[in-house]
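Between the sequences and the hints, there should be enough to build the whole structure, so can you do that?
Protein sequence lines, in the order shown, are assigned to chains A and B.
Each residue of the first sequence is one higher than the one before, counting from 2 in the numbering used here.
Each residue of the second sequence is one higher than the one before, counting from 2 in the numbering used here.
Some hints here could point you the wrong way.
Heads up, the list lumps identical chains together, so a pair's fine if it works in one copy or across two of them.
Said to hold, decoys possible - With a straight-line cut-off of 20 angstroms between C-alpha atoms, the simulated SDA-like cross-links for lysine to any residue are: (1) K324 / D291; (2) K324 / L136; (3) K118 / F64; (4) K324 / V339; (5) K65 / R265; (6) K118 / G210; (7) K324 / H279; (8) K324 / W276; (9) K118 / F213; (10) K118 / E288; (11) K118 / A92; (12) K118 / V97; (13) K324 / L278.
Calculated from the structure, these hints are not laboratory results.
Protein chains: 2
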Amino acid sequence: MVLLLFFLFSRLCRVRSAPPLETINASSPQQSRIKHLNRAARGLPPPPPSPFQEEGEGMSTIFKAIIALLIYLLVGLLSFFMLEIELEGTATSATVDALYFAIVTMTTVGYGDLVPKTVGAKLFTCAFVFTGFGLVGVLLSGAANYLVEKQEKLLVQKIYLKYMRKEHKKELVVDDDEVVAAHWKMLVAGVAVVAHFVAGMFALMWWEGMSFIDGFYLVCVTVTTLGYGDRSFRTQAGRIFAIFWILSSTLCVAQFFLYLAESRTEERQHEIACWALHRPTTPSDLEAADMDGDGVVSAAEFVIFKLKEVGKIAEEDVQDILKEFAALDYDESGTLNVSDIHISTLVKET
Amino acid sequence: MVLLLFFLFSRLCRVRSAPPLETINASSPQQSRIKHLNRAARGLPPPPPSPFQEEGEGMSTIFKAIIALLIYLLVGLLSFFMLEIELEGTATSATVDALYFAIVTMTTVGYGDLVPKTVGAKLFTCAFVFTGFGLVGVLLSGAANYLVEKQEKLLVQKIYLKYMRKEHKKELVVDDDEVVAAHWKMLVAGVAVVAHFVAGMFALMWWEGMSFIDGFYLVCVTVTTLGYGDRSFRTQAGRIFAIFWILSSTLCVAQFFLYLAESRTEERQHEIACWALHRPTTPSDLEAADMDGDGVVSAAEFVIFKLKEVGKIAEEDVQDILKEFAALDYDESGTLNVSDIHISTLVKET
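Below you can see the structure in the form of structure tokens.
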């Protein structure tokens, strides 16, 4: 469950986070270059950098998240190491058992092959699992966000751009890159899930001496975080393997199901976009789109109308910005020009 | 874990789903009424309804989802009822045990107080838990979406609007409704979590004869879907209670942590919006915002510029729509008017 909070929140962030500054100030590299030259020629200063778009913000967040996770696991390791005598169940070495118990608890697999025995150990375990929820949901969100975006860019889009784009491009009506990318991501995640299944079953048969069916059963019970506990990792070698494998396999399966859901959303979004872009525009649409009431619809007005239609933006978003626009438009011409900006700067200085 | 997929996907949908048609075609009730009257006076037809905005779509989705969930649980109940002799562990009545096992498996709590014994039962359990993942992630998404939206509207916004809006409104710089609403939702979910804790502990002490500490421990281990299985519901009355309580308490806790993450996102979103709306507009911003290159920035152009700045929309969204705009603009005037629409209708008819 905790792992899904991880992904869930990363998605939440990704959908709503601010884009890099260059996509705001320029629609294409060419346009950007021309604008930059023009600006320099006229002696204009570069636009102020956004405080939310600092270079390396992703890296510092991921660094903080890794530190937080390490501290969390270290606290778990030390606490459960000291509580070792207060855990009951199949024991191997104290260090391995403590880390194994921390991982099994953090991922909510909870086999129950090691359980807290005393009141103190029970209360600490409750605090530990809830802290894990909070930590993963809130603190690691930035890192997840960064990782997911980076991974998508590097892995999926590279493969996709190299081999698939040209063939697909021909029959497209609306750019369905996102739908195709979602299918590719699902395929990559699916391959990773199969690899984890094979590795897990091999390890269980090798170190734990399980049968093929029991290995498969325990892998299923683990990656879904069910963790009945009738079968589990009971040897030291198996538990060392489990420490790494449980974390990465549960992440993988969660990601796969996430992509499954996402690809369905993308398909629907694509349908809506197709419908909105290709339905005939009626005179009443023109009327609805005409924001300034001049009887014609400019390109920008048409863009806003269509964005509202496909659900990308809401009326409140537009209204807040229009208020600010009205405040800036000192000469009440219905447009902003350089003199409006000069006046607003003077007003703010005085 | 499966429960978080549920919420996760509902969020994904909510962020990206299309708004109701009335918010597209009108910015306010007054404006809508005036537009409608104007349109009727000129004998214009009403705008075509969107195929994605059907009345009662939410209801039919929720109906389908409930049917799917009932079928899923019925299949689980029947199968585990027939496999009863193939489950091992503490047994009460066959029907209660089968449903209890299905719920414990579906929510990935997995106590392990009942486990599949034979190869057939193990393989069926694996299939059952993965089907649950798929079902919840994909099929119930519409229902989750509908429920979450409805609940938010009815419960939270009503309370909030009644008691909080007026006091808060005074010191606001940007409309932070969403931030306040996120805090309220968290509070409501928090109260629900506490209620589930109290109910669960009471039931465990009453029916299962547990101590206060053990009751608290088992509640924690259950709502986080850990489910070690050293303590569990072992009496028939306890299990009947557990069937309902496990489902609703795990949902509640997942929702609470989701709101926790959401309120943090909303706060950040609010900061970005504040910064973007209130930073001084520079001449180079005007240049960047001027889409049609006429030297001045219209209201619509300003809205698009700011939406890009706060990350609500991306450049690709705008480009796709601009292509359609160019295709519709037959007289190449840079604006759409009624004659463009007439020509496009004629072109499409021939």
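Verification of the hints:
{"no.": "1", "hint": "K324 / D291", "result": "both (17 angstroms within a copy, 19 angstroms between copies)"}
{"no.": "2", "hint": "K324 / L136", "result": "neither (39 angstroms within a copy, 45 angstroms between copies)"}
{"no.": "3", "hint": "K118 / F64", "result": "neither (36 angstroms within a copy, 45 angstroms between copies)"}
{"no.": "4", "hint": "K324 / V339", "result": "within (19 angstroms within a copy, 29 angstroms between copies)"}
{"no.": "5", "hint": "K65 / R265", "result": "between (33 angstroms within a copy, 17 angstroms between copies)"}
{"no.": "6", "hint": "K118 / G210", "result": "between (28 angstroms within a copy, 18 angstroms between copies)"}
{"no.": "7", "hint": "K324 / H279", "result": "between (32 angstroms within a copy, 11 angstroms between copies)"}
{"no.": "8", "hint": "K324 / W276", "result": "between (31 angstroms within a copy, 15 angstroms between copies)"}
{"no.": "9", "hint": "K118 / F213", "result": "between (33 angstroms within a copy, 15 angstroms between copies)"}
{"no.": "10", "hint": "K118 / E288", "result": "neither (72 angstroms within a copy, 68 angstroms between copies)"}
{"no.": "11", "hint": "K118 / A92", "result": "within (14 angstroms within a copy, 24 angstroms between copies)"}
{"no.": "12", "hint": "K118 / V97", "result": "within (18 angstroms within a copy, 29 angstroms between copies)"}
{"no.": "13", "hint": "K324 / L278", "result": "between (29 angstroms within a copy, 10 angstroms between copies)"}
This entry does not satisfy hints 2, 3, 10, going by the numbered hints stated previously.
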